[in-house]
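**Q** Sequence:
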Amino acid sequence: MVTKERKEEILEKIRKAGSEEYVTEWNSEGRIVAQKKKSEIKKGKKSKSVGLRFELRVRRDLEEKGWIVDKWTNNLNLETGEIEPAKRKFNPFSRVMTIGTGFPDFIAFQKMGDYYKIIGVEVKKSGVLSKVEKEKCKGYLDGGIFGEVWVARGVKEGRGLKVVYENFREKWKKLWD
Numbered sequence: 007m008v009t010k011e012r013k014e015e016i017l018e019k020i021r022k023a024g025s026e027e028y029v030t031e032w033n034s035e036g037r038i039v040a041q042k043k044k045s046e047i048k049k050g051k052k053s054k055s056v057g058l059r060f061e062l063r064v065r066r067d068l069e070e071k072g073w074i075v076d077k078w079t080n081n082l083n084l085e086t087g088e089i090e091p092a093k094r095k096f097n098p099f100s101r102v103m104t105i106g107t108g109f110p111d112f113i114a115f116q117k118m119g120d121y122y123k124i125i126g127v128e129v130k131k132s133g134v135l136s137k138v139e140k141e142k143c144k145g146y147l148d149g150g151i152f153g154e155v156w157v158a159r160g161v162k163e164g165r166g167l168k169v170v171y172e173n174f175r176e177k178w179k180k181l182w183d
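Numbering (the working numbering), first residue to last: 7 to 183.
A hint or two may mislead.
What the hints assert, rightly or not - Below, computed lysine to aspartate or glutamate pairings styled on EDC-like, alpha-carbon distance capped at 20 Å:
1. K168 / E70
2. K140 / E70
3. K93 / E154
4. K43 / E27
5. K131 / E88
6. K168 / E88
7. K42 / E61
8. K137 / E154
9. K44 / E69
10. K177 / E141
11. K180 / D148
12. K44 / E61
13. K130 / E61
14. K179 / E154
15. K140 / E154
16. K117 / E70
17. K77 / E154
18. K162 / D67
19. K42 / E31
Honestly, the hints are just simulated from the structure, not real lab data.
Construct the entire structure; sequences and hints are all you get.
**A** Here you go:
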């Protein structure tokens, strides 16, 4: 017997599947896997491209300041405290494998006399980190993996966008109290 709530849910999925404003994905058994609003898909694509452009801008800015910058392709496992290769993301529709999904986004080196200063750089246009991202930053610093972790964010300056770097340890001191 189908409950009233389940029946309404099924009817809503059927309505969305027939609608022009939704994209419906089906599995091999003919069941609906996902339904996405076309306008939301467009927004997601735009924000992804804006984020990638800002990431490239940060990389160029660091290189201009004398840093050697590379994509960080690892992640910190919060349960074990070990560094693991980041999982690669595959989009079956565009047949594209995304490799650079590590946290933080970049690892940067700068020669300081006889040694190198090594930092992690996370690029966030808004400058806001999630709870998990904050825990990972703290883990990298406590484990001595990075000497510093910087959060690069964008600040409007006139008609342009200026890159501002914030030292994670200084900004989120309360995590060590």
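**Q** State for each hint whether it applies.
**A** Right, here's what the structure says about each hint:
no.: 1; hint: K168 / E70; verdict: holds, 14 Å
no.: 2; hint: K140 / E70; verdict: violated, 27 Å
no.: 3; hint: K93 / E154; verdict: violated, 24 Å
no.: 4; hint: K43 / E27; verdict: holds, 6 Å
no.: 5; hint: K131 / E88; verdict: violated, 28 Å
no.: 6; hint: K168 / E88; verdict: violated, 34 Å
no.: 7; hint: K42 / E61; verdict: violated, 27 Å
no.: 8; hint: K137 / E154; verdict: holds, 18 Å
no.: 9; hint: K44 / E69; verdict: violated, 38 Å
no.: 10; hint: K177 / E141; verdict: holds, 14 Å
no.: 11; hint: K180 / D148; verdict: holds, 14 Å
no.: 12; hint: K44 / E61; verdict: violated, 26 Å
no.: 13; hint: K130 / E61; verdict: holds, 8 Å
no.: 14; hint: K179 / E154; verdict: holds, 13 Å
no.: 15; hint: K140 / E154; verdict: holds, 13 Å
no.: 16; hint: K117 / E70; verdict: holds, 14 Å
no.: 17; hint: K77 / E154; verdict: holds, 16 Å
no.: 18; hint: K162 / D67; verdict: holds, 16 Å
no.: 19; hint: K42 / E31; verdict: holds, 9 Å
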